[in-house]
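Below are the chains, spelled out letter by letter.
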Amino acid sequence: MTRGPLFHEQTARQRLAALVDPGSFDELLPPPERITSPYLAQLGIPVSFDDGVVIGKAKIGGRKVYIAAQVGQFVGGAVGEIHGAKLTGLFKAAARDKVPCIVVIESGGVRLHEGSAGEIAIAETMRAIFECRAKKVPTIAVIGSDIGAYGGMGILSTCCDFRVMSEHGRLGISGPIVIEKWMGKKAYDSSNRALVWKTSGGKTKYLLGDADALVHDDAGAIREAIAKLLGKSSAVTLKAMKTRQKELEKRLKRFGQTADPDAVWKGMGVRNIEAASLASGPEFAAMAKRGK
Amino acid sequence: MEKFAKAFPSKPLAAKTAKPWALAGVVGSGNLEVLLERGGRPSDTMECHVETSIPGYKASWLAALADFAHNYPAGGTKVTINDQGAPPVLVNLRLRQAYDHLIKGDK
Amino acid sequence: MNTAKTTLRRQNKAQRLERVARLARGKFVSPDKVPEVLKRIIEPGDRLCLEGDNQKQADFLANQLATLDKKDMSDIHLVMSCITLPAHIQLFKKGMIRQVDFCYAGPQGTAVADFVKAKMFPVGAIHTYNELYARYYIDLTPRVALIAAAQADRKGNLFLAANTEETPAIVEPTAFSDGIVFAQVNEIVDKLPRIDIPADQVDLVVQAPYPMHLQALFTRDPAAITDVQVLMAMVALRGIYEKYEVQSLNHGVGFNTAAIELLLPTYAERLGLKGKICKYWMVNPLPTMIPAIEAGWVESVFAVGGEVGMERYTAARSDIFFTGRDGSFHSNRAMGQLAGHYAIDMFIGASLQIDVNGNSSTVSKNRITGFGGAPNMGCQPTGRRHPTKAWLKAGAEANPGPGSPPGRKLVVQMVETFQAGRVPTFVEQLDAAEPSIRKALHGVTPVMIYGDDVTHIVTEEGIANLAACRSIAERQAAIRAVAGYTPVGLKRKKRETEELRRRGIVQLPEDVGVRPAEASRSLLAAQDIKGLVRWSNGLYDPPPQFVDW
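Respectively, the protein sequence lines represent chains A, B and C.
Note that the working numbering has the first sequence beginning at 1, numbered continuously upward.
Note that the working numbering has the second sequence beginning at 1, numbered continuously upward.
Note that the working numbering has the third sequence beginning at 1, numbered continuously upward.
In isolation and in its complexed conformation, chain A is listed as follows (with noise of 0.2 Å):
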């Protein structure tokens, strides 16, 4: 009955030491470095010796890979120009070694503190896992955090050959409360933990097809589902693409006018909604027929 730690609990240097290989961590730009944010610096908030992501080369079951984690408790994971930087070299350092790279996100996007310079880092992330892409070189995310994946880095993780999520994890782009303040409470009210997480949430995603492997909130299971997708990648071609839309715009024509989450789960082949809302994300993952 009892697993070990909850990854959606562990800090981002705990969770890249459960995740790789025992003792191949090496870590790029560590604390004793002291590359910190200028910027905060400036406007009195404190600073974090890693600037909230901690990036580096490792092992996972003998491969070489870079990897990095955000560290969510640091202004809610949000980018800022280092901590962005550090993200893109490590993005095109995969591209230029050919090393599978996969980031652990948790954050709410862009650093509002930093604005612009985050901004144009998480596009320049993005290109370097274009980069990637072009290279058949695999690119993963993981989401399976208690801030998720929004803003920017939601996006980002979409960018991505795959994306490993746990039911824990949230993928969207505006957070709970962007979308109540722009919708109404009635339309969408953010206190209602059930509700966010049935529309967000990880087992929502897989059902959806956003998320490729639902997993344990355990980091060993979420190792596991990595080193499957290892050694593939998946090309951007303008026939993917246009495949993509095509599933997007069928999902928007047949949920687009759902209000209750639970009727998407249903209309993708969830049975017991409260079984199923209970089960954890593996037997999620073998109770509901996955639509396509």
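I should point out that these hints are in silico values taken from the structure, not numbers from a laboratory.
There's no promise every hint is true.
With the Cβ distance kept under 8 Å, some of the chain C side facing chain B (calculated, not the full set) [as the list claims (entries may be wrong)]:
1. Ala-66
2. Glu-416
3. Gly-484
Yeah, the Cβ is synthetic: ideal placement off N, Cα and C, and Gly gets one too.
Since the structure of chain A is provided, determine the placement of chains B and C on it from the hints.
Chains B and C alone, transformed into the frame defined by chain A:
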């Protein structure tokens, strides 16, 4: 923000440690990160640098750091702290965690 | 024989019921008639009991009472355990209350403090639960009691469901002294699952238009437990539970003790403590106990009250929980408090403030909350005669004199040195000692647990064994030693602390074999509410505010 630095007398750190540096904690609301580094400093003091978002608690910071330097052989180390309003208990816990990791390695 | 005098009260009761006979059908009153009925059954000068503890509330009757005016009801002596509803405060606002004797004022603590200041809250005393229930039989017997039940049958028998709580403690003294018992019920049925209060003791019944208020008071989300609380829990397990082999106990409702419960199937199991500690519990059906129960740690649990969402689970685990012949959960506040007073090895709980002498309180300058049940359990029951290992061991440490009992109950305060917002827990003097509060309470400082009763204080700094201290000065030094970097703690003297540590009176985590770096939430058997539901095999139904799936 409040910044201060002070060195505290402490017995020398073990000659061999598992790592040259260790980091514990994260900078988040009510939390802090402690970076503990060895090497290149007088072996009878623990050098401390603190940056905290909540000013006015220097006395309890210094008392906590002095106690740590007294209770653990940490001479020759440098402690650097980025704090976002952690209570003293967490300061203690993170110091002990960083120290443990430095000596015994990550577990 | 003076029969005239003894029949007077009975005649008076008959007169009161006669006045409402035309408003009721037998015992049954329709909701719209309730204000008029209350007006007619309550007389000036009455002692009035409104049922409501920190969980269950006769809120419909309270709300109806609050619609009356001073001309309808005045000069009332309120005797009730908990002042928790806005309706209760209304009665004071309207000047109906001559005196109030109560136990606890959680959510209304600020209002109570304001009314005390404005001299609109004439307190007799703030009691502990059993103290007030006991006085119901001596000098505070209610004339009229307004109570709450889950169901009534057509005769007026009552079913109290999981939340029996204090109903019997109110009904018995009232009914057997010719007082009037008026019950609000959620529904009226033909056949009750079981009879908790016989119709013979019930005079009036109303089916309330909404179910009685039940507070999910004991639900602690494991997700909110911190690493520091895990550290303290580890220290307590090794330094107290393991050391004294605590078999029977009560846990407070905080996150500190929730952490202990969740470490039993993991950390404590690794220490080989299963079967040696924590077998018999006097505690509400805490959801955080589910993993320990499922892992086979717990022999029995008796409770003072129920907990929302635990109904199916407790029914399924009737080998552990006390249940009625219908199979559903049964609680009893008075008996639970009695058990917690006499029959347990240890009480462990938290507090908002602890002074340098070990006195604790939850009263602050702007908030008077009172006591509830903690002092009934967090005290030395000198009427106790039966020995247990833990009791004798703690007693021997306290070095009993020729005129004192050989054993001691372990009374443990478990607190972080700072509360949220960097408010120090340890203080030189309690806010409760504020002269205006003492004056309103007729010279009594509202102390939750007296320092003399406390055997141990556990903080993130370590354990202070107060029972082993040989003087007041030594006790103060031991408290300062674990008070961390609070102003109280900063006054400690290093040499004194080291001497106390040498004698084992002060113990750091390392001294009891705890590695602080190991203290992590990942040791908890469940890390969120969903984890508890899974441990319960889907039998636990958490309240909606705790559900994110």
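Quick rundown of the hints versus the structure:
A cut of 8 Å between beta carbons decides the hint on Ala-66 of chain C: the least distance to chain B is about 41 Å, and the hint is violated. Look at Glu-416 of chain C: its Cβ gets to within about 6 Å of chain B, closer than 8 Å, so that hint holds up. Among the interface hints, the one on Gly-484 of chain C holds; its C-beta lies about 6 Å from the nearest C-beta in chain B, closer than the 8 Å criterion.
Hint 1 alone, counting from the list given before, is not met by this structure.
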